[in-house]
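> The whole structure should be built from the sequences, with the hints applied where relevant.
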Amino acid sequence: MVNTNPFSAMFGRSPFQPLLAHIVKANECADQLLPFFEASLQGDWQKASEYRENVTRLEHEADELKTDLRLNLPSTMFLPVSRSDLLDLISVQDKIANKVRDITGIMLGRKMRVPDALAEPMRDYMITSVACVAQARQALEELKDLLESGFGRNVSDVMQNMIRELHTLEHKADGQQVAIRRQLFDLESELPPVDVIFLYKIIDWVGELSDRAERVGSRLQILTAR
Amino acid sequence: MLIIAQHSEIFIILACLFGFFMAWGVGANDVANAMGTSVGSKAITIKQAIIIAVVFEFLGAWLAGGEVTATIRGGIIDPVLLAQRPEMLVYGMLSALLAAAIWLLIASAKGWPVSTTHSIVGAIVGFGAVGLGMEAVAWPKVGQIASSWVVSPLLAGTIGFVLFKSVHHLIFESRDPFAAAKRYVPGYVFLVGFIVAMVTLTKGLKHIGLDLSFGQSLLLSIVLGLAIMGLGMVMERRVKYVRDAEDHFGYANVERVFGVLMIFTACAMAFAHGSNDVANAVGPLAAVISVVRSEGVIDSAALVPWWVLVLGGGGIVAGLVTYGHKVIATVGTGITELTPSRGFAATLAAATTVVLASGTGLPISTTHTLVGAVLGVGLARGMAALNLRVIGTIVMSWLITLPAGAGLAILFFFMFKGMFG
Chain U
10 MVNTNPFSAM FGRSPFQPLL AHIVKANECA DQLLPFFEAS LQGDWQKASE
60 YRENVTRLEH EADELKTDLR LNLPSTMFLP VSRSDLLDLI SVQDKIANKV
110 RDITGIMLGR KMRVPDALAE PMRDYMITSV ACVAQARQAL EELKDLLESG
160 FGRNVSDVMQ NMIRELHTLE HKADGQQVAI RRQLFDLESE LPPVDVIFLY
210 KIIDWVGELS DRAERVGSRL QILTAR
Chain B
2 MLIIAQHSEI FIILACLFGF FMAWGVGAND VANAMGTSVG SKAITIKQAI
52 IIAVVFEFLG AWLAGGEVTA TIRGGIIDPV LLAQRPEMLV YGMLSALLAA
102 AIWLLIASAK GWPVSTTHSI VGAIVGFGAV GLGMEAVAWP KVGQIASSWV
152 VSPLLAGTIG FVLFKSVHHL IFESRDPFAA AKRYVPGYVF LVGFIVAMVT
202 LTKGLKHIGL DLSFGQSLLL SIVLGLAIMG LGMVMERRVK YVRDAEDHFG
252 YANVERVFGV LMIFTACAMA FAHGSNDVAN AVGPLAAVIS VVRSEGVIDS
302 AALVPWWVLV LGGGGIVAGL VTYGHKVIAT VGTGITELTP SRGFAATLAA
352 ATTVVLASGT GLPISTTHTL VGAVLGVGLA RGMAALNLRV IGTIVMSWLI
402 TLPAGAGLAI LFFFMFKGMF G
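Line by line, the protein sequences are chains U and B.
So for the first sequence, my numbering puts the first residue at 10; every next one is plus one.
So for the second sequence, my numbering puts the first residue at 2; every next one is plus one.
Think of the hints as simulated: they come from the structure by calculation, not from any bench.
Relax, there's no trap hidden among the hints.
Residues from chain B that face chain U, not an exhaustive set, calculated with beta carbons under 10 Å: (1) S175; (2) P178; (3) G379.
Glycine is no exception: its CB is placed at the ideal position from the N, C-alpha and C atoms.
Here's what the structure looks like:
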């Protein structure tokens with residue numbers, strides 16, 4: 010007799026579940042970066058291209074989640090947070106996956122091998138950047154509790170602390186970036202100029218990865234600070 | 002007079018049939034709205050929901066259903082104007098019942114969110130205005146009912162907002178939410194018991210011969226509230242803290258304490274729904290019976306015979322058991338966004354509003370009240386996502402249901418008039 014009940018129809022699909030799923034994908038995507046980098050150091054391009062394929066797949070899945078979320082957020086939806094902040098957050102999140110794709114793409118395409126002298130600091134630098142993404146994901150996961158508690162002060166404090174930690178990590182990545190650039194500058198004369206240009210580019214992009222992770226944190230702050 | 006005496010048995014049988022049909026529709030459809038929040042938040046299972054609904058819908062209909070029934074029976078059509086032609090009232094009420102029940106069936110089959118209350122009020126106003134003349138309708142009363150359609154969601158929304166904010170402030174914001182939940186939830190249980198007991202005692206029990214003064218009712222309600230609170234505390238003690246790495250603050254455990262509370266609010270909601278919505282079926286039935294019994298004398302003050310309320314309650318239960326459980330299952334599994342704490346705030350707000358309205362004799366729509374309550378909790382930043390388009394659909398259903406119920410009622414009115422003369 011009844012096919013749609015007005016009451017159950019009232020509860021729209023919560024956008025927070027796909028939001029969390031999306032950052033998980035972005036984080037998994039970023040996690041591919043370190044093994045990819047190790048493979049590139051070894052010159053194992055077969056293996057590197059496998060990681061690159063993982064990145065492309067995960068980036069694609071993240072894209073689908075993003076589109077899904079945008080389409081499922083019609084203007085008639087009533088949410089506890091601002092809709093525009095939510096849409097901003099998902100696009101900032103999405104850029105994380107995009108950046109990982111760019112980094113791996115250019116490194117694989119040009120078969121780039123970071124000079125041995127730079128390998129160690131570069132690895133640390135990437136670890137910090139990827140850790141930023143993981144931290145952003147953790148902070149976002151607090152959102153579930155925050156919703157559960159009707160935006161309670163306790164949870165919001167936890168989230169603020171996580172975002173502060175994220176900021177510290179990003180700061181650390183910045184410092185590492187400066188150090189690597191200085192080292193690369195010293196090596197510049199011994200390396201082919203075109204390679205140097207692209208090395209600078211990769212260094213830049215890894216920095217952008219942490220920047221974007223931090224931006225997820227600040228978006229999250231805006232989203233919940235009302 | 003002659004007509005009524007001639008066909009008295011047929012009239013009563015028809016009224017009982019149509020009344021039962023209408024009550025069946027109420028049970029099949031509306032009960033799902035009342036129980037959906039409780040099932041949806043996984044506080045109770047569908048089986049438990051049906052048992053609660055059967056018992057408390059029936060109790061609500063029987064114990065507290067009298068007041069609204071009186072409004073439906075004698076408040077909308079001015080009975081004095083019908084003193085000369087009481088058979089018109091019989092035709093009218095029969096056609097109103099049939100019209101509302103059929104409209105309910107059509108709308109349900111199409112999946113439109115109509116209100117049983119709107120159907121019956123629209124039908125009564127319809128036959129009154131067209132069949133008897135505009136002056137037969139008590140327009141101030143109709144206006145009052147119409148205003149309640151705005152007021153009741155607003156009131157429920159406000160109560161829902163305040164309740165959720167209080168839960169938020171007292172429990173979720175505290176350093177140890179689980180301990181705070183255990184401390185404050187009995188207070189909410191008391192509130193549930195007190196409100197239901199108060200309205201039942203002050204307004205509902207006249208027809209079973211229990212007449213208490215306001216002071217006596219207040220005292221008895223407090224005692225009953227405390228008794229129910231005690232029961233709640235016993236049940237609450239069985240909820241043990243379960244540690245979970247994912248859950249820093251123990252909110253999952255808090256929700257389990259609220260699960261206990263949801264059982265009480267589900268009872269209250271079923272009770273409130275029974276007390277208010279049974280009138281939709283029973284009001285016109287009671288009107289027919291009192292006219293036929295008194296052989297044409299229209300007495301608006303006569304008490305509703307107790308077995309009529311039992312018949313209405315039985316109809317609701319029948320609808321619930323034969324069909325309603327499916328709807329509850331759909332609604333219940335559809336609402337995954339609802340946690341017990343939110344469900345509690347929304348349901349208690351709606352139940353309080355409906356119970357208050359039953360006490361004052363206003364027929365209001367349970368669906369709309371509940372929608373208002375859910376919106377109120379949503380405004381308190383409680384709900385993750387609400388679809389506002391559905392609110393629009395519901396408003397549309399208000400506009401459609403009145404003329405539809407009225408039109409059908411007019412049709413049946415002239416049919417009965419032609420059949421019986």
